[in-house]
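Colleague: Listed below, chain by chain, are the residues.
2 protein chains.
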Amino acid sequence: MYPQSLTNLIEKFRLLPGVGEKTAERYALLISDMDELEVQGFADALIDVKKNLKHCRICGNLSDQEECSICKNPDRNHRQIFVVQSAKDVIAMERTGEFRGVYHVLNGLISMSKGIGPDELNIDELIHRAEDCDEIILATNTTMDGETTAMYLGKVIRERCPNTLVTRIAHGLPAGGLLDYADEITLSHALSGRKKIG
Amino acid sequence: MYPQSLTNLIEKFRLLPGVGEKTAERYALLISDMDELEVQGFADALIDVKKNLKHCRICGNLSDQEECSICKNPDRNHRQIFVVQSAKDVIAMERTGEFRGVYHVLNGLISMSKGIGPDELNIDELIHRAEDCDEIILATNTTMDGETTAMYLGKVIRERCPNTLVTRIAHGLPAGGLLDYADEITLSHALSGRKKIG
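Top line first, the protein sequences correspond to chains A and B. Take any residue in the first sequence, note its place counting from 1, add 866, and you have its number in my numbering. Take any residue in the second sequence, note its place counting from 1, add 866, and you have its number in my numbering.
Here chain A stands alone, though its shape is the one from the complex (with noise of 0.2 Å):
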């Protein structure tokens, strides 16, 4: 019921996630009411992200160049390495600026329900990495697909590394976190997980 080209662009917006018809007409109608600039500029941000993006060639993470900033930087420990699903993850981890390290980004993870394998995933250059460093960190979240994938690195790296220490993060209750209202699987890592005190 719209003009053509408001519906296209509504179309478009649908493609986003979790973005239903009402959020995408607010969005269209939005846009027809910005000035032209602004709309050229948000057009053209769109294009530069394909043009300019790409994922970084040691670890796997998003950036505008080959090597990404952080694999770029010699102050980061290099022979840590935070491994995870993807380049999301990274930034949630950057900010909470604990880790020195690096990351390694899967793009993905094994799933038996999607049909993708090890082969479909950023994993070789990950056990290549491996062999020259002293730490590798599993940080996949706890999904079935993520508790797979790392079950399956931590196999595949301490076969082919034995020299390479293995770790999973920590999975507990979370800050602020109440007993009765944590699902159970949380509870169960969190009893499994504990550590001794005093």
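Because the hints were derived from the structure by calculation, they are not lab data. Note that the structure is predicted; figures quoted are calculated from it, not measured. What you were told as hints is all true, and nothing was included just to trick you.
In this list, chains with the same sequence are indistinguishable; a pair is considered to hold if it fits within one copy or across any two.
Straight line, CA to CA, 35 Å or less: simulated DSBU-like cross-link-like pairs of lysine-lysine:
{"id": "1", "residue 1": "K920", "residue 2": "K938"}
{"id": "2", "residue 1": "K938", "residue 2": "K888"}
{"id": "3", "residue 1": "K888", "residue 2": "K1061"}
{"id": "4", "residue 1": "K920", "residue 2": "K888"}
{"id": "5", "residue 1": "K1061", "residue 2": "K954"}
{"id": "6", "residue 1": "K980", "residue 2": "K888"}
Position chain B against the provided structure of chain A, taking the given hints into account.
Modeller: Here is chain B on its own, set in the frame of chain A:
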């Protein structure tokens, strides 16, 4: 912390209504995963909207042409005009399939708080159209600004075109609305707008 091109795109997405940092990140990361043709199509759709979309010169509705499809339709009753705030409201009303008249889109509301006066809205044209029609239905929202605008329009049109009927759409309980969940203003509208039955 993201590469520059991705940061730019995240900033652009944050211009959209209700989009915060996290959502903009998710949108931008999805774009970086799309194939090049899809992204080009998205960018073209943005530019197209800006290039092709205009306000219908009769009613102010959004259109790809000088006159919108409703104003050009000879089967509509051009002597009955439904006055709304924005193009979204036209679509909402058209979805009911109940209205066979035409529209007038003000593209805003008179607003004391935002300093928007009648001269900044599509009102002169409405008064001009009102001279030649049977009924003006005021359908601005029941917000403070919506009521102010309806009151102003009602007064001006009655003065200038005393032969034109001016009506306001009914306000009351929505379909399926429960009495004890309704706010006071809705209930007070429902009471004052009550009709004789039987």
